[in-house]
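Engineer: Make the full structure from the sequences, and use the hints.
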Amino acid sequence: MAWVLHVDLDQFLAAVEVLRHPELRGKPVVVGGDGDPTKRGVVSTASYEARVHGVRSGIPLRVAARRLPDAVFLPVDKDAYDSASADVMRTLKEFGVVEILGWDEAFVGVDHDQPEVTARRIQERVLAETRLECSVGIGQNKLQAKLATGFGKPAGIFRITHDTWFAVLGDRPTDALYGIGSKTAKRLAALGIETVRQLAHADPDRLGAALGPATGPWLVQIGRGRASARVSDTPHVVRSRSREMTFQQDLEDWDEVRAAVVELAHKVAADVSPDGRDVARMVVKVRYAPFFTSSHGRKTQRPTTDPHAMELSALAALEAFTDRRPVRLVGVRAEFVPDDQGSAGP
DNA sequence: TCTGGGGTCCTAGGACCC
DNA sequence: TCTGGGGTCCTAGGACCC
Numbered sequence: 012m013a014w015v016l017h018v019d020l021d022q023f024l025a026a027v028e029v030l031r032h033p034e035l036r037g038k039p040v041v042v043g044g045d046g047d048p049t050k051r052g053v054v055s056t057a058s059y060e061a062r063v064h065g066v067r068s069g070i071p072l073r074v075a076a077r078r079l080p081d082a083v084f085l086p087v088d089k090d091a092y093d094s095a096s097a098d099v100m101r102t103l104k105e106f107g108v109v110e111i112l113g114w115d116e117a118f119v120g121v122d123h124d125q126p127e128v129t130a131r132r133i134q135e136r137v138l139a140e141t142r143l144e145c146s147v148g149i150g151q152n153k154l155q156a157k158l159a160t161g162f163g164k165p166a167g168i169f170r171i172t173h174d175t176w177f178a179v180l181g182d183r184p185t186d187a188l189y190g191i192g193s194k195t196a197k198r199l200a201a202l203g204i205e206t207v208r209q210l211a212h213a214d215p216d217r218l219g220a221a222l223g224p225a226t227g228p229w230l231v232q233i234g235r236g237r238a239s240a241r242v243s244d245t246p247h248v249v250r251s252r253s254r255e256m257t258f259q260q261d262l263e264d265w266d267e268v269r270a271a272v273v274e275l276a277h278k279v280a281a282d283v284s285p286d287g288r289d290v291a292r293m294v295v296k297v298r299y300a301p302f303f304t305s306s307h308g309r310k311t312q313r314p315t316t317d318p319h320a321m322e323l324s325a326l327a328a329l330e331a332f333t334d335r336r337p338v339r340l341v342g343v344r345a346e347f348v349p350d351d352q353g354s355a356g357p
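So in my numbering, the last one in the first sequence is 357, and the numbering has no gaps at all.
Hints were generated in silico from the structure; no laboratory data involved. There may be inaccurate statements among the hints.
[Said to hold, decoys possible] Restraint-style ranges between C-beta atoms, simulated for each label pair:
| # | residue 1 | residue 2 | range |
| --- | --- | --- | --- |
| 1 | Asp182 | Lys50 | 26 to 36 Å |
| 2 | Pro228 | Lys38 | 45 to 55 Å |
| 3 | Gln259 | Lys38 | 25 to 35 Å |
| 4 | Phe162 | Ala139 | 17 to 27 Å |
| 5 | Gly69 | Glu267 | 27 to 37 Å |
| 6 | His32 | Glu140 | 38 to 48 Å |
Treat the numbers as computed from the prediction; the structure is a model and nothing was measured. Note that CB positions come from ideal geometry on N, CA and C, so glycine has one too.
Structural biologist: Rendered as structure tokens:
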């Protein structure tokens with residue numbers, strides 16, 4: 012029988028750092044930003060020793076430092092995690108088709124009557140190869156597997172099936188589901204839908220009218236635990252590349268904002284150059300000091316790989332910003348020409 | 001003492017065309 | 001003294017995820 016396994020490394024960034032710095036084992040370790048907790052930035056990963064003090068992913072580094080002044084703060088080291096992640100993914104490929112979701116998680120499609128046996132072997136093999144611990148969720152589709160992992164952490168294994176879906180998740184709030192965040196949960200609550208079970212019994216057309224024709228029926232489906240079970244190892248074709256930067260002090264001078272856009276546009280151009288693909292559109296994002304974000308984009312004159320053309324379109328997009336208040340973040344994104352007619356026949 | 005950086009997908013409205 | 005109804009493209013923004 013076919014099963015979907017979801018493998019998720021435990022406290023991945025912190026675990027990689029502990030491997031490099033064994034003296035940190037057992038200590039509260041916080042990875043985020045450039046490692047300076049007095050600067051603007053957020054926690055990427057906190058070790059379990061830090062989490063018990065309320066320091067978890069996504070909180071501001073400054074808040075983390077206040078809650079846990081004695082924690083070890085480390086910068087995000089992308090190359091180190093890329094390398095560790097590649098080791099893990101290579102190991103997973105021994106067990107089946109692997110669909111990579113990020114640095115520290117992947118689906119593995121297996122055909123096995125005892126998926127727990129495979130899950131245990133995966134844990135052992137990953138630990139032996141990389142000295143990293145992982146949790147494994149087992150499901151009849153990707154949604155069940157992904158959610159199961161959370162019940163297995165740390166270093167455990169958990170299975171969710173069509174038969175156990177409501178027993179495990181029925182009474183949980185809707186935002187326990189992958190794909191429902193705080194905003195959608197609020198909108199659902201306004202419709203009287205608080206739990207996964209209530210969502211499963213909602214009328215798809217009613218939700219469609221309230222939340223969009225595709226989104227509404229899809230929400231009911233995930234409430235019922237129904238989702239795709241197809242694990243695909245087809246390499247993902249990237250749609251866009253972006254760079255952004257948050258300033259330590261808000262920029263009040265828009266000449267500096269303009270200079271930042273030029274710099275970021277050139278970085279993005281360098282990032283996309285190895286892809287060799289044509290860029291169709293450039294988007295500039297501005298986050299104002301009160302944390303309100305706005306974006307404007309402009310098509311490039313024609314599909315292009317030319318950095319100068321990308322800069323020109325980014326600057327044209329910047330012209331669309333008429334509100335010249337102080338700025339805390341500037342971002343530039345290049346969107347590739349859609350790649351779906353590549354093999355179109357006559 | 002606020003709130004990163006890199007992505008994806010969906011929705012909605014206006015323009016434009018037939 | 002009237003102004004439908006689709007389809008598609010472009011743009012802005014929302015929401016979500018790791």
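Engineer: State for each hint whether it applies.
Structural biologist: How the hints compare with the structure:
1. Asp182 with Lys50: 26 to 36 Å: Given a distance of about 41 Å, which is not inside 26 to 36 Å, the answer is violated.
2. Pro228 with Lys38: 45 to 55 Å: Since the Cβ atoms of Pro228 and Lys38 sit about 48 Å apart, the hinted range of 45 to 55 Å holds.
3. Gln259 with Lys38: 25 to 35 Å: Since the Cβ atoms of Gln259 and Lys38 sit about 28 Å apart, the hinted range of 25 to 35 Å holds.
4. Phe162 with Ala139: 17 to 27 Å: Given a distance of about 25 Å, which is inside 17 to 27 Å, the answer is holds.
5. Gly69 with Glu267: 27 to 37 Å: holds (28 Å)
6. His32 with Glu140: 38 to 48 Å: Violated, since His32 and Glu140 (Cβ atoms, about 20 Å apart) do not stay within the stated range.
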